[in-house]
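Peer 1: So the protein sequences, as listed, match chains A and B.
With this note's numbering as the guide, the letters of the first sequence map in order to residues 8 to 95.
With this note's numbering as the guide, the letters of the second sequence map in order to residues 8 to 95.
Check before you lean on any hint, since a few could be wrong.
Identical chains share a label here; the pair holds if one copy fits it or two copies do between them.
With a straight-line Cα cutoff of 27 Å, these simulated DSS-like cross-link-like pairs (lysine-lysine) come out [as the list claims (entries may be wrong)]: (1) 15 with 69; (2) 92 with 31; (3) 69 with 58; (4) 69 with 31; (5) 59 with 69; (6) 59 with 31.
Quick caveat, the hints were computed from the structure, so don't treat them as lab data.
There are 2 protein chains.
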Amino acid sequence: MAFAETFKALSDPVRRKIMELLKKETLSAGEIGSHFDMTGATISYHLSILKKAELITETRQKNYIYYSLNTSVVEEVMLWLSTLKGDN
Amino acid sequence: MAFAETFKALSDPVRRKIMELLKKETLSAGEIGSHFDMTGATISYHLSILKKAELITETRQKNYIYYSLNTSVVEEVMLWLSTLKGDN
DNA sequence: CTGCTATTTAGAAAAATTTCTAAATAATAT
DNA sequence: ATATTATTTAGAAATTTTTCTAAATAGCAG
């Protein structure tokens, strides 16, 4: 995991909101997009960044692409943060 | 605390390295700068962003300004991350 | 007060990010 | 095979971020 990518990915409010949506349930790209006032192309761009950071994973079904959280990377970020606090 | 500012602050590698330096000890702006190949003005810019995000605090002594970590904001970030994982 | 050191602020250039439109893929359905 | 729907890719414009140089501020020290 590359912290650079992970933190950059989480630094954008749209992407954090996507993470929160996916916390509740797996969603298709289109369903995610319906929560924002942006084109599908822009949502696709944000999804690609979360994917590169391995914060989400995708699975294809019919002609939909479903996205879900990958909590293990979230955990690694938390570990880095916890070392800042001195608990290690 | 504003997550936007906090995550943005942590999204830059220079600023994360500053956080790691300050994890060990309080340092002056100049001492922090000596770890990077950048002008003091640039370091000052990065410090200002960490300060706005309340990730660090400053105290003045003589004509030095010393910086230290503020771990309570680090903890709030960890809390947000933990809700993603579903532990709450 | 004058000079010296530490740091910040201002303004501009360079680089990276975000967003859009238009076109391309991919998969399904008729 | 053609049409339709879902999504991504490419390229460009707009915005934001990072960095620098030069100038300003702040606090000693002599």
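Peer 1: Which holds for residue 92 with residue 31 at a C-alpha limit of 27 Å: within a copy, between copies, both or neither?
Peer 2: between (29 Å within a copy, 10 Å between copies)
Peer 1: Within a copy, between copies, both or neither: which one fits residue 69 and residue 58 at a CA-CA cutoff of 27 Å?
Peer 2: This pair counts as within: shortest intra-copy Cα distance 20 Å, inter-copy 48 Å.
Peer 1: Cα distance capped at 27 Å. Does residue 59 pair with residue 69 within a copy, between copies, both, or neither?
Peer 2: Result: close within a single copy only, 23 Å intra versus 47 Å inter.
Peer 1: Using 27 Å as the alpha-carbon threshold, which applies to residue 59 and residue 31: within, between, both, or neither?
Peer 2: within (21 Å within a copy, 31 Å between copies)
Peer 1: Within a copy, between copies, both or neither: where do residue 69 and residue 31 come within 27 Å Cα-Cα?
Peer 2: within (22 Å within a copy, 52 Å between copies)
Peer 1: Quick one: residue 15 to residue 69, C-alpha cut-off 27 Å, is that within a copy, between copies, both, or neither?
Peer 2: Answer is neither; intra-copy 31 Å and inter-copy 37 Å both fail.
Violation of the numbered hints given earlier is confined to hint 1; every other hint is satisfied by the structure.
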